[in-house]
Structures are given as C-alpha cells and as structure tokens.
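Novice: Guided by the hints, dock chains B and C onto chain A, whose structure is given.
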Amino acid sequence: MQFVIFGIVTGSTLAIATIGFAMVRQTENFLNIAHAQMMALGAFIGAFLVDRFDMNIFLAGAVTVVAVGLLGVVLSAVVFRPVRNQGGTVLLFTSIGLALMIYAVIIAIFSTRSRIYSVNFGGLHEFGGVNIATGELVIVGLAVAGVIALQLFLGMTSLGRSVRAVASNGELAQVRGVPVNRVSNTIWFISSAFAAMAGVMIGVLSSVNAELGWHNSLIILAAAVLGGLRSIGGVIVAGLLLGIVMDVSALYIATAYRPVVAFGVLVAVLIVKPEGIFSVVRRKDSVVT
Amino acid sequence: MELVLDSVSKTFGGIVAVDNVSASMPHDKITALIGPNGAGKTTLFNTITGFDPPDRGSITFDGKQINGLAPWRVAELGLIRTFQTPVGFTTLTVWESMLCAATPHAVETPIQALIGRKGRASEREAETRAAGIVEELGLTELVDLRTDELSSGDRKLLEFARQLMAEPRLLLLDEPAAAVAPTNIGRLSQLIRRLRDERGLGSLIIDHNLSFLMEIADAVYVLDHGRVIAFGPPDEIAADPEVKRIYLGEQEGDQT
Amino acid sequence: MTSPVFWIGVLTLALIYGSLAMVLNVESGWGGMWDLGTAGLLASGAYFYAIVTIDDPGLGTTFVPGWPMWLAWPAAALFTGVVAFVIAIPALRLRREYFLITTLAFAEIIRHLIVIQSDLTRGTTGIANIGRPLDGMVSGRNYNYVLFAIVAFATVIVYLITRRLGTSPYGRTLRAARDNEALALALGKRVNRMRLLTFVTAGVIIGAIAPLYLFFIRAISPSLFAPGFTFTVWTALIIGGMGSIRGGVAGAVVLIVFTEAVGLIELDPSRINILIAIEPFMVGLFLILVLRFRPEGLFTERKAFGVPRAKVDSSAAPTATADSLS
Chain A
1 MQFVIFGIVT GSTLAIATIG FAMVRQTENF LNIAHAQMMA LGAFIGAFLV
51 DRFDMNIFLA GAVTVVAVGL LGVVLSAVVF RPVRNQGGTV LLFTSIGLAL
101 MIYAVIIAIF STRSRIYSVN FGGLHEFGGV NIATGELVIV GLAVAGVIAL
151 QLFLGMTSLG RSVRAVASNG ELAQVRGVPV NRVSNTIWFI SSAFAAMAGV
201 MIGVLSSVNA ELGWHNSLII LAAAVLGGLR SIGGVIVAGL LLGIVMDVSA
251 LYIATAYRPV VAFGVLVAVL IVKPEGIFSV VRRKDSVVT
Chain B
1 MELVLDSVSK TFGGIVAVDN VSASMPHDKI TALIGPNGAG KTTLFNTITG
51 FDPPDRGSIT FDGKQINGLA PWRVAELGLI RTFQTPVGFT TLTVWESMLC
101 AATPHAVETP IQALIGRKGR ASEREAETRA AGIVEELGLT ELVDLRTDEL
151 SSGDRKLLEF ARQLMAEPRL LLLDEPAAAV APTNIGRLSQ LIRRLRDERG
201 LGSLIIDHNL SFLMEIADAV YVLDHGRVIA FGPPDEIAAD PEVKRIYLGE
251 QEGDQT
Chain C
1 MTSPVFWIGV LTLALIYGSL AMVLNVESGW GGMWDLGTAG LLASGAYFYA
51 IVTIDDPGLG TTFVPGWPMW LAWPAAALFT GVVAFVIAIP ALRLRREYFL
101 ITTLAFAEII RHLIVIQSDL TRGTTGIANI GRPLDGMVSG RNYNYVLFAI
151 VAFATVIVYL ITRRLGTSPY GRTLRAARDN EALALALGKR VNRMRLLTFV
201 TAGVIIGAIA PLYLFFIRAI SPSLFAPGFT FTVWTALIIG GMGSIRGGVA
251 GAVVLIVFTE AVGLIELDPS RINILIAIEP FMVGLFLILV LRFRPEGLFT
301 ERKAFGVPRA KVDSSAAPTA TADSLS
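Chains as they are written, first to last, in our numbering: chain A, 1 to 289; chain B, 1 to 256; chain C, 1 to 326.
So here's chain A without its partners, still in its complex pose:
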C-alpha cells in the first residue's frame, strides 16, 4: 500500500509532465521530443535559484515555471513555426534537434554532475499505516491545483475556449476566426510551464542531473500514448496508473527494472490496443476509406 502512495506521487508528477505534451500533440499535431528537455530546464533553473539565491522554493518554482513557459513560446516561434506546414515527421525530427540542443546547453552550463535541491520540507505524516512526507503531499497538492487551474482556464476564459476549439478541430477553428497564433502561443506557454513544474517537482523528489530529460522522455511518451493522446483526463489517469504500476512493481522485481516495466507496459498496450486505453477517437481499421 505504501508503494501505491509512492506511485500516486510519481504518477502525479508524470501526469503534470504529460499534460503539456499531449496538448501540443493534440493541437500542433506532432510529438514534441523537446518537451522532456523543458522539464529538465525547469529542474535545473529551479535548483539554481534555490541554491544560489536562497530563494523560497515556492517562489523559485513560480519564477521557473513562468520563465520556461515564456522560453517555450519563443522557441516554438523560432524553431517550430517556420516548419509548421511540413508535416508531423519533420516537426518530430525538428523537436529532436531542439531537444539535443537544449540538452547540450544544459550540460555546458550545469555540467553532468548531479545536484539536489537544498530544500527540506521535513515531517513525515502517517495515515492509516502508510507514511508520506510533507514534500510529497505538497507535490500532489500542487499537481491537483495545477490541473484544476488548467480546467478553469479552459472552461471559463474565452482564450481557454479558443484553445479547446483548436484542440477539437483546428481547421474549423481557423475558419471561424479563432486567433490561431495567439492560441498557439498560449498552448506552448502552458505546455512548457507544466513541463517546468514537473521538472521542479522531480528535482524536489529526487535529484537533478543532465540526463533527466532523456530518462523521462519515453515514460512521458508512454503516459501520453496510454492516455490516448487526446483528452486531459485520460492523460492524468494514465500518468497515475503508470506511476503506480512502476512503483508497485518494485515490490516484486529490482528497482532497476522500473523503466523497463513502463516501456513494457507501453509496448503491451500498443499491441493490444493501438489507440491507447482512453482514446475517444476510434482508429479506422480499414486502410481504404
């Protein structure tokens, strides 16, 4: 049961990391491999702010999230927009290129050493036989808050509604006069900000090193695919499930197998149900329309 709690914590972080990825996939129609690197950036910048400037962790987190969010908008305009019409494959490989460059910058500036957040939330709480650290509670709480904030934004603001319109039918939205570039920028901001948030969370939970992005890339892909690449709810459930499966599996097999378990689940699900578990859209079986 303890491991289920661990899994929920891991899963919450994973869900936050994956929401942004799924959003971009849904609206910009490509798999953004650079997403995990934005997460790594968030982790490093957050750690840097706390370490060097002795900033309060929440403040550092907020600054990091906004900064990386804005960076994401800039990068999307400079790197992705020019090739927007070239199709998903070109965008995918462009995002790989961007991922490599961000990775290189991270190594150049922060080196390959591991670092930890010098943050101590202290306190272990106990609920019905299971322990949970304050830090872990904070993270889950923040994750929930983040999702609620996002849902409020999408549901209640006009910009949010435009985002939903583009997400469900991009071409129609454009024809209807939805400000496509503004919506695009918003989506990139949200996506990158959430990635950074997940990065800071992971930094607090464990440690930060230059490989963070690559380590999480495939797991995020897995959560996104399992979540059906379509709905936010699906992504959240997939993220939580995957987190729980990974951590609970540590009971039976060595922890080193954790990522293998995740990838194995991904492959298994793809074999059985290529559309993912929660896909709303049915993939047509017929090759011929």
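Quick caveat, the hints were computed from the structure, so don't treat them as lab data.
Just so you know, even glycine gets a beta-carbon here, dropped at the ideal spot from N, CA and C.
So, partial list: chain B residues that the calculated Cβ filter (under 10 Å) puts toward chain C:
#: 1; residue: Trp72
#: 2; residue: Val74
#: 3; residue: Arg81
#: 4; residue: Val87
#: 5; residue: Pro104
#: 6; residue: Gly116
#: 7; residue: Ser122
#: 8; residue: Glu123
Specialist: Only chains B and C this time, still in chain A's reference frame:
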C-alpha cells in the same frame, strides 16, 4: 468463372452499410453497380477485395471462398480494383508503376534482390507487356514522369494501365468516369468494351455517370440503403419505376 | 591534434555512421518505417560479439566462451537479425508514430537490460580490450590506418548491398508500398511480409557493422547506445538525403567531420562540459537547419532513381536501362 455474393452484410458502428446482398457477376461480362450516394457501393467493393471483411455472408470467386482473405490474396486470385481518386504510387514513374504491378511477389524479397535469378526473367516479361499497354493507352510520352507530375486525367489512364498489368481476371472499377472529360468518356467505354470482347476480361463498375454505365453494361444491380432493389439488363432497369423513384430523390447534378 | 591520424580516426567513425545510415535508409527512406531503434540493434550486435569473444575469466562475467572472430562476427549479425525479428512482430502492426515510439521503447529496453544483467555484460562498467583484426601485426599508431581500410572496405560493401536492394524489383515495390499501401495490397503485394523481411535484413546488416564499431571504440558500455546515437545516424541520413543511395555516407561524413572540427576550436580540456556538449549541439543544430532549409538533403531519391529511358517501341521489347545511379 463467377464472382458470387451470398447474403453479404456489413455494419459500421450501428449503420448497416451492406444489407443482405446477394449477386453474381460473370468474369467476362460488364456488370454495373448503381445507386444513390451512401447506398453501400464502395463498401461492397471493400468487402469483395478484402479491405473490410463482411460481417455475414460469403463471397466466392471461381468457386473459391474469398471473404476473410487478406487483400493481397484476393488480388492474387485476379480481382483487381481501381481507386476512386487515382493517387497511385506518388514517387514512382509511370514505367516503374507499370513494372511494379507485374512483379510476382516471390521476387519481392531482399534475398531475391541480392542473389536471386528469378527477377531478371520476370522483368523482361513485364517490360514487354508494359510496352504494349503503354502504347495502347497513349502513355508513351509520359513513361518517365513521376506519378505526382501527371495531370489528373493522365493519372486516371495510368490507374487503368497499371491495374491491367496485374493480369486481372475481373476488374473492379471504382468511378472510372469521374472527372473524365465528356469527350474522353467515349474512349473509356470503348476500352472497357474491348477488354471484354478481346480478352474476356469483364468489369464490375461503380459510377454515378448513368448514361456511361447503361451504355456499356451487360447487367445492372441497383443498390439502395445497402440492399439490392433491382437487377436486370440496362433497358429494363432504366424503365423500372422503383429505380426512377430513388434517383428522382437525388439532385439533377447527379448525372455528369 | 590535427595530425592525419586524428582525422583518419574521424573518417573511420564517419564511415561507420554512414554505413548505418545507408541501412537506415533502406527501412526508413524506402520502406517508410521510421525506425528509432538503431542504437538498440547496434547494442545487441556489439554486446553479443563482445561477450562471445571474452576469453578472460578475470573479467568476472558468467560466460567466457572465447569464440574466435570468424565465428563471432557472423553470429553477431544473425543474433541482431533475430532481435530485429522479435521487435518487428509487435512493432509492424502499428503505424507511423506508434511504430516509431515502439522501436524507441525497445531500444531503451535493450539498453536497460544490458545494464541490469551485469553478470553477463558487466553492466555500466562495460567491457574493454576487445580483440581487433590484424592487431598484432601493426604497431600502435599505424593500426588506425589499417582499421580505416577495413571500415572503408566494409562501407563499400554496405553501399553495394543497399544499392542492389534499392534498384531491384523488391526495392521498387518497397517504395510503392511506402507511397500507397492500399494500392500495393490491391495489386497483390505482400506488404507486411516485405516489411518484416526488410526490418530483419536491416538488423542483420547492422549486426555485421557492430563489431567494426567495437574495433574502433575498443571498449563498450551501455551509455554509448543511448537514443542520442540513433539521432546522430538519422541526422546523417537527413543531411545526406533520405531515399538516395549514397546520402547516408555523405551526410555522415559532413556531420562527423564538422562536429569534430568544431570540437577542435574549444581547446581548453578543463572545460569538459563544453566538449561533451558539442556533439549533441551540432547534431541538433544540423537537424533543425537542414529540415528548415533543405529537407530533401544533399542527394535526392529522385536523383537516385530517375530513369532516362529509350522511347518505348511496342514492336520490340525495350532493353532494360541501367538506372543512372550514384
């Protein structure tokens, strides 16, 4: 040799696209399949050719059961179809497309490519046949052009020429007259008829151009809402009040 | 640092990447299967070879088979083919991005398994001092030239093989199925089988290239086979031109030589961060720029297969013209 459909049904998520259709088409006659939009014609094609296996019923060709077979197997048995929009093999040249259609799949493996001998003989044979068809259909000038460099009219011609290379025993033509200039429809009719008369190669044709179809068909099946509502020679069908009724419901622009 | 021996080494590495890129072109360029698992296949072949040639019990591995090179090399190729087969079974049922993700997942699974099964593979420590052909016969520095010659020879063979594959009827149908799968099926083509065979063949060739990489690197560890390796091969192919036969080699030479040259600028060895960062930075930069400004690469598929033919004369069978090939 006949293509026989026996009580074939196909449902897509609640909608019955093909409803208990039974029909038989001789391989050396021209059979037309007509009906308003959404009557289930293309779905029927897809079930026959193996792209969308029927939910119920059976389909046989020359006595062999073909429902449930993979599309390539159905094609191998001689049922060759064309596609409504002749996209073709985008990056292949006309000549490459023609040869590709004729290559036996036993040749199409890496081992054969590296050390096989079968390839050369079949290539020669294919080239001879291709030269003939290309000449016949007037594609000679275009052989080195890539498919995506052709005009849509030429692409339709290529669609025909290439599928002929696959040595069909029965052609399934999906809207061959669509987007064809009226002046060329006569040549198209001539070609389809010649294939029947000179090679014994019949066709099963879907099209919305009724005048074109009625002129060349030996027999006509009329589909409406997935069901066969009439069958017979063209002049009978043309006079059938039920047929007229379902078409009167459609716009005038249905007849190109 | 700019001695000829250094550059011979650079070229050797470039040719190895180039060979891999040419193989990648067969399955991805012509076959339309976007495969992100190259590093996993290379790791399979490399580790298989490294393990079966171990003859020193002091290394502490469970197996000390001590196979000779002439046995280990083809065995490694075959083993990699089997691994490719295992991956292909689930992966080929999926399309496009799902296929891509699955191949990447398998590559990472392989890499993690190598780390975990450290009894077999010495985990992250890796295996060093792998025996090389003709090693004893040539003195230290000069060996680099010998290795270059061997690798160059192998590259020519890979080139000839991929060229044969591409220009054959099989290659033509492969490209046809890539362009329009439904049409290929409707013409009786066994597309799935063809793709499976293509993938396995690519695996076998990659497995055959693997020992060459070992001879160059001299010691392997799992971290060499991270996705970054696959991305470098892809970038080499994209630079050189997907679909063209010589593109892989051309792109690899451009990419690797350029990257090493840039590395020479940063001469201060204490700033090791920057040195390490140069390769991913250059690969990423190249990838973004090429896709933006010349996505078709240096050599196009069209140039590789464009066939000027004699006019068709229906009274005589036309002679098969040789394709004007790279």
